[in-house]
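Enquirer: What follows is the residue order along each chain.
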Amino acid sequence: MTPSANGAVHGHGGGLTFRASLTEAMDGLLRGDPRVLILGEDVLDPYGGAFKVTRGLSDRYPGRVLATPVSEAAIIGTATGLAIGGLRPIAEVMFGDFLLLAADELINHAAKFRAMYHEQVTVPLVVRAPAGGGRAYGPTHSQSLEKHFLGVPGLKVVAPTHLHDPGALLRAAVADPDPVLFVEHKLLYPLELRPSEQRGTPYPTATVRAGDGDPGVIIFAYGGGVRWCLPAMSRLAEAGVSSTLCLPSRIDRFEPWTWWDLAGRPPAAVLVEEGTAGHGWTAEVAAQLAEAGDAPSIRRVTGADDIIPAAGHLEDAMLPSAEAVVAAALALVR
Amino acid sequence: MTPSANGAVHGHGGGLTFRASLTEAMDGLLRGDPRVLILGEDVLDPYGGAFKVTRGLSDRYPGRVLATPVSEAAIIGTATGLAIGGLRPIAEVMFGDFLLLAADELINHAAKFRAMYHEQVTVPLVVRAPAGGGRAYGPTHSQSLEKHFLGVPGLKVVAPTHLHDPGALLRAAVADPDPVLFVEHKLLYPLELRPSEQRGTPYPTATVRAGDGDPGVIIFAYGGGVRWCLPAMSRLAEAGVSSTLCLPSRIDRFEPWTWWDLAGRPPAAVLVEEGTAGHGWTAEVAAQLAEAGDAPSIRRVTGADDIIPAAGHLEDAMLPSAEAVVAAALALVR
Amino acid sequence: MQLVQSDEGLTVELYTQMATIRRVEETLQALFRQGRMRGTTHVSIGQEACAAGVVGALDRQRDFVFSTHRCHGHFLAWGGEPRALFAELFGRETGICGGLGGSQHLCWSGFFSNGIQAGMAPVAVGMALSRKAAGEGIGAAFLGDGTFGEGTLYESMNLAALWGAPLLFVVEDNGYAQSTPRRVQHAGRLSARPAAFGIETVVQDARDPVALRRLAEALILAVRSDCRPRCLYLHTYRLAAHSRSEDYRDPEEVQARRQRDPLPALRRRLPEDQADAIDREIARRVAEAVAAAESDPPAQPRGVPLPAATLPLAPLLPTGGERA
Amino acid sequence: MQLVQSDEGLTVELYTQMATIRRVEETLQALFRQGRMRGTTHVSIGQEACAAGVVGALDRQRDFVFSTHRCHGHFLAWGGEPRALFAELFGRETGICGGLGGSQHLCWSGFFSNGIQAGMAPVAVGMALSRKAAGEGIGAAFLGDGTFGEGTLYESMNLAALWGAPLLFVVEDNGYAQSTPRRVQHAGRLSARPAAFGIETVVQDARDPVALRRLAEALILAVRSDCRPRCLYLHTYRLAAHSRSEDYRDPEEVQARRQRDPLPALRRRLPEDQADAIDREIARRVAEAVAAAESDPPAQPRGVPLPAATLPLAPLLPTGGERA
Ligand SMILES: Cc1ncc(C[n+]2csc(CCOP(=O)(O)OP(=O)(O)O)c2C)c(N)n1
Ligand SMILES: Cc1ncc(C[n+]2csc(CCOP(=O)(O)OP(=O)(O)O)c2C)c(N)n1
Ligand SMILES: [Mg+2]
Ligand SMILES: [Mg+2]
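Protein chains in written order, with our numbering: chain A, 1 to 334; chain B, 1 to 334; chain C, 1 to 324; chain D, 1 to 324.
Treat the hints as calculated values from the structure; they're not laboratory data.
On a predicted model such as this, the values are computed, not experimentally measured, just so you know.
Backbone N, C-alpha and C define an ideal beta-carbon position, used for all residues, glycine too.
Some clues are possibly wrong.
Unchecked claim - If you anchor each label on the Cβ, the simulated ranges turn out as follows: (1) Arg60/B to Glu253/C: 23 to 29 Å; (2) Ser196/A to Glu294/C: 25 to 31 Å; (3) Gly63/A to Glu246/D: 51 to 57 Å; (4) Arg33/D to Thr201/B: 50 to 56 Å; (5) Arg31/B to Ser295/D: 39 to 45 Å; (6) Ala331/B to Arg60/C: 33 to 39 Å; (7) Asp273/D to Val121/B: 54 to 60 Å; (8) Pro297/D to Gly200/A: 49 to 55 Å; (9) Val121/A to Glu8/C: 35 to 41 Å; (10) Pro267/A to Gln300/D: 36 to 42 Å; (11) Val121/A to Ser321/B: 50 to 56 Å; (12) Gly35/D to Arg31/B: 55 to 61 Å.
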């Protein structure tokens with residue numbers, strides 16, 4: 001996996017990349033729906049956004065792709081007003097780390113309006129946020145803070161991977177009457193899409209199987225976590241342990257039992273997330289499995305309970321890894 | 001439990017109230033340590049803060065209790081600078097709901113500095129936040145948003161109840177070299193202290209037992225959740241089910257297994273929190289129980305996945321209740 | 001467009017609005033005192049001229065209003081029904097937001113309020129831009145002096161000026177934020193701040209609602225014609241306590257301002273018997289509204305999704321969690 | 001207090017500082033290009049006069065500096081070692097923050113930077129107030145023009161002026177935030193904003209570091225004597241790209257500004273052979289610093305607490321979780 005800042009539309013293998021899928025989706029949305037607009041810091045051409053996801057759009061749709069001041073709260077708040085006013089804004093927050101500056105606008109405003117105003121308004125707002133580490137950007141530009149935005153009534157959180165169709169998910173989010181926080185892991189941008197089996201609508205869960213024989217372990221992960229899970233599954237298969245990877249795209253609501261059941265009730269479940277230890281997405285997954293009783297044995301693999309260091313080798317040591325996923329699975333099945 | 005906006009120092013039974021315990025602690029801190037200061041909105045006398053917790057202090061310590069503008073981010077940010085600069089600030093955020101406006105200062109600044117700056121600074125900052133519902137204050141003044149501040153490396157979250165010694169906890173937080181978010185449930189202010197058995201330092205966990213016979217159920221709760229648990233335990237005892245209530249004061253880190261073990265490994269665990277459903281404190285507690293294997297059967301009792309309505313009867317229906325705690329326990333033990 | 005209204009007609013209209021607001025809010029105070037309502041509320045007694053003067057200058061068909069925690073006056077001036085407001089605070093099904101919002105979270109026909117200081121400012125900017133995109137409609141966003149503490153306000157003013165949002169910022173400077181006087185919260189002159197973000201500002205004493213209406217009309221016309229934001233900065237005073245807590249301001253100061261209460265001053269500009277008749281009618285309407293609202297059916301809980309922990313699972317699976 | 005320095009002595013000092021910053025940052029660019037460093041960085045090439053002019057006017061014994069993402073120049077002007085900076089970016093144990101902070105999160109001897117725009121502004125206010133309480137010391141807080149988009153900045157300016165924080169806000173207006181020109185981000189005149197929050201502001205072109213140093217000294221003296229904040233608003237230009245990405249600005253504009261690069265202009269004020277000697281010495285020191293830093297031992301992972309899920313449990317209990 002070679003992250004690159006300027007990913008081309010097609011990856012080395014010639015397939016559409018994760019980034020291009022998102023760009024194309026926005027292109028289609030802007031073309032097909034006059035209500036759609038994009039706003040965010042540095043989204044204009046030729047720059048095209050810090051991660052180049054909006055590149056080409058402002059040239060093609062002048063006046064509908066808006067470069068904002070460095071004002072995350074006002075970006076989200078203004079987009080919320082545009083959404084109530086009948087438009088379909090897609091706001092980009094340059095790094096997911098900066099979502100904290102807009103937490104009040106998202107949680108105390110956008111997410112509440114529909115319910116609090118007794119269904120008199122809807123807030124079809126999409127907030128795109130490139131997130132996650134692996135690029136040695138240091139403590140304030142590498143975080144997976146989406147865990148702090150889970151469990152907010154009225155706010156959906158969607159995290160595509162290259163095993164989903166990111167563009168289709170973005171279209172679903174734009175069509176959604178409720179606000180959607182759309183988390184894009186930075187390291188996925190240059191990857192070629194590799195869509196796998198998916199079920200559920202409009203935010204499907206993708207599954208991948210590896211190995212033969214009895215179901216050994218189910219791995220629950222989302223977003224950038226996929227990059228450790230796929231190699232871990234190969235190694236587990238080599239070690240004779242079959243596995244199912246389950247990647248929901250909507251992570252604020254997710255029923256792990258359903259997928260555990262579909263996977264043949266494997267005796268072990270490994271729960272993976274990049275975010276720091278404790279109180280994250282995997283806690284809710286584990287809790288739901290535990291609450292239902294008759295659960296698989298469970299281990300979580302998460303980032304350490306620490307800041308994300310800038311030095312690449314320290315960051316690598318602090319984040320999860322394929323080795324950690326393998327070790328957790330083997331500890332459970334042996 | 002009769003909440004009152006202007007609680008006296010002593011409750012109806014003549015004992016010290018939860019509120020007075022906090023006020024006295026701050027009084028003692030201001031008296032004993034010239035580095036301590038208090039800042040927040042409307043904290044000056046005669047008003048003494050929206051919940052009257054700072055009442056009497058600005059008259060007694062002029063110039064050390066500072067009324068701020070309505071600027072939550074700058075309040076926390078400035079307090080952080082004061083803390084790095086060697087003072088011991090206690091910042092009050094008028095309602096816990098407004099913490100979201102300071103999320104960036106807390107999470108991307110105060111919590112990170114010590115680790116990110118390689119232990120060259122400490123941030124002995126305390127942020128007090130009255131939180132929770134039950135007073136019909138509506139969707140933006142009734143929330144238990146502390147769940148969004150759990151799992152932040154470097155940030156402690158402490159939530160006293162009247163079964164702890166709130167003043168002692170506040171003193172511990174002020175003595176702590178790291179930032180502490182100190183969550184005070186509004187409905188606890190007028191209650192008389194009723195300290196129970198406590199273990200652990202400096203943020204002890206309180207336990208209460210009810211009923212006789214084999215351990216039936218362990219209830220994990222924190223802060224305002226205590227108000228449903230105590231009556232629920234009496235009713236469970238009447239129904240022949242003995243119970244242990246376990247109330248940690250530090251909620252960002254907590255090892256439920258230790259307490260489950262101390263409680264005699266009851267077969268059932270009910271996890272209670274006022275916050276909205278999903279991704280809350282109880283998820284982490286359940287996850288830890290589940291991860292360790294050999295776990296009790298588990299149910300969570302939380303607020304609904306919804307805004308908190310203003311109408312009192314709708315709010316009551318939306319929040320947990322003693323009945324819900326009893327029902328969850330009985331469903332597990334029967 | 002309506003023809004220019006005579007000063008006499010306008011005086012009657014404004015007096016009726018202001019007296020209605022006063023009556024409704026005094027009634028709310030009584031209902032809280034009597035324990036017939038729960039929660040809290042912020043009344044605008046003394047500030048009614050701001051609501052009546054400004055809101056009536058907007059066009060209810062196409063414009064919108066963003067208000068604050070102190071929103072009843074703005075709501076009533078916008079044409080909201082007293083009964084719906086009482087019902088909202090009683091927690092009745094017929095309430096403005098079905099009892100969900102209570103006193104400070106209202107939404108009705110282009111009217112919005114929320115309880116977070118300044119949080120609505122960017123939302124109002126976005127709404128104004130959506131009106132601009134639609135080709136018609138502008139808005140007013142009310143703010144208090146204390147709200148100038150929040151950074152989001154400045155982000156919003158900058159964006160509004162930069163992108164040309166057709167929005168009138170209306171500041172109701174009553175000299176206090178909760179218990180804290182303006183000078184304890186702010187450095188420099190507040191009314192000079194919007195200009196630093198490119199927003200032309202007019203400062204006005206808000207005691208004469210007739211003059212205020214004329215001024216508001218002129219500013220709204222300007223906003224409508226060039227799609228640039230303006231700020232109308234009003235000096236006013238609240239005669240009641242901040243909310244349900246005690247009033248800790250200097251009683252002499254409050255008493256002095258009570259002498260200058262704009263409502264009786266306006267009343268004196270009407271013939272005594274006409275004013276009496278208006279008052280009687282208002283008293284009757286408000287009493288009816290309270291009675292009707294109080295006997296309306298209680299609000300029903302929303303059909304909310306179950307907690308995440310009890311989402312419908314495939315039937316073969318055990319169910320978990322407990323809905324509280 | 002040091003005696004007033006001669007213009008000649010000052011020119012040598014400033015040239016040495018500016019040329020050091022330039023050399024260090026050009027070296028960083030090369031190290032990134034060569035793949036010897038990971039991550040990202042923001043260089044201040046072209047803006048060195050701001051760092052040298054202002055930072056040197058502070059007293060390293062008792063004052064402090066808050067900087068931004070573009071902080072290397074401020075750090076070096078504050079007296080920071082090039083070797084420690086290189087080591088930080090190489091991820092070495094000897095780095096300023098042991099490799100944890102990287103390019104934009106520095107802390108050393110009263111110097112602080114962080115990667116969140118404007119987030120440090122209130123922290124700087126608090127630190128300044130703590131110095132005031134201690135009875136000595138003031139600070140400077142650097143900001144960019146783009147950072148004027150953040151509301152927290154205005155909250156901080158208000159508080160600084162209101163409470164009398166001894167702090168000099170230093171704006172490095174280089175006309176751009178990342179790829180976006182100032183006029184696309186801001187309404188009104190940026191330099192007028194601090195005054196609206198009660199902060200006296202001086203605007204200056206930052207090309208002449210000698211003049212800038214004199215001005216900074218005067219402002220810092222003023223802040224020191226009355227404990228009131230000031231703002232020094234500098235017009236400058238960055239000659240390099242924002243960060244490691246391409247530079248999308250008009251090449252003609254950049255070229256024109258390169259002609260007016262303050263560094264060679266200052267160099268021309270020194271005797272040629274003296275300047276050559278300084279340059280040689282800097283080149284030698286920087287090369288040594290790189291070599292030393294690169295061969296320093298790699299930073300060790302911090303001894304961090306285990307994930308919550310694997311907190312030490314009573315020994316009789318099963319252990320859970322997996323530390324990644
Ligand atoms: C973000 C936020 N912080 C604090 C409060 C608590 N609060 C409610 S009203 C108020 C004072 C507002 O003052 P001002 O804007 O002058 O309006 P006024 O009450 O005078 O009408 C405060 C601090 C709040 N509602 N929201
Ligand atoms: C809160 C936040 N939002 C966005 C960014 C991304 N970002 C980094 S530098 C920058 C531009 C800053 O412009 P300016 O303040 O003018 O400083 P300059 O880069 O020109 O020195 C932006 C938007 C950030 N670091 N923090
Ligand atoms: Mg006010
Ligand atoms: Mg700039």
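Enquirer: Hints first: check each against the structure and report whether it holds.
Expert: Against the structure, the hints come out as follows:
A beta carbon spacing of about 25 Å between Arg60/B and Glu253/C agrees with the range 23 to 29 Å that was offered as a hint. The hint said 25 to 31 Å for the Cβ distance between Ser196/A and Glu294/C, and at roughly 59 Å that hint is violated. A hinted range of 51 to 57 Å is violated for the C-beta pair Gly63/A and Glu246/D, which are about 25 Å apart. Taken as a hint, the range 50 to 56 Å holds for the pair Arg33/D and Thr201/B, whose Cβ atoms sit roughly 54 Å apart.
Evaluation of the 39 to 45 Å hint for Arg31/B and Ser295/D yields a failure: the beta carbon distance comes to about 55 Å. Restraint check, Ala331/B to Arg60/C: a C-beta distance of roughly 53 Å breaks the suggested window 33 to 39 Å. Range check, Asp273/D to Val121/B: Cβ separation about 45 Å, and the 54 to 60 Å hint is violated. The beta-carbon spacing between Pro297/D and Gly200/A, approximately 50 Å, falls within the hinted interval of 49 to 55 Å.
A hinted range of 35 to 41 Å holds for the C-beta pair Val121/A and Glu8/C, which are about 39 Å apart. Distance hint check for Pro267/A and Gln300/D: the Cβ-Cβ separation is about 38 Å, which falls inside the suggested range of 36 to 42 Å. A C-beta distance of roughly 31 Å is found between Val121/A and Ser321/B, which places it outside the suggested range of 50 to 56 Å. Against the hinted window of 55 to 61 Å, the Cβ-Cβ separation of Gly35/D and Arg31/B comes to about 59 Å, which satisfies the hint.
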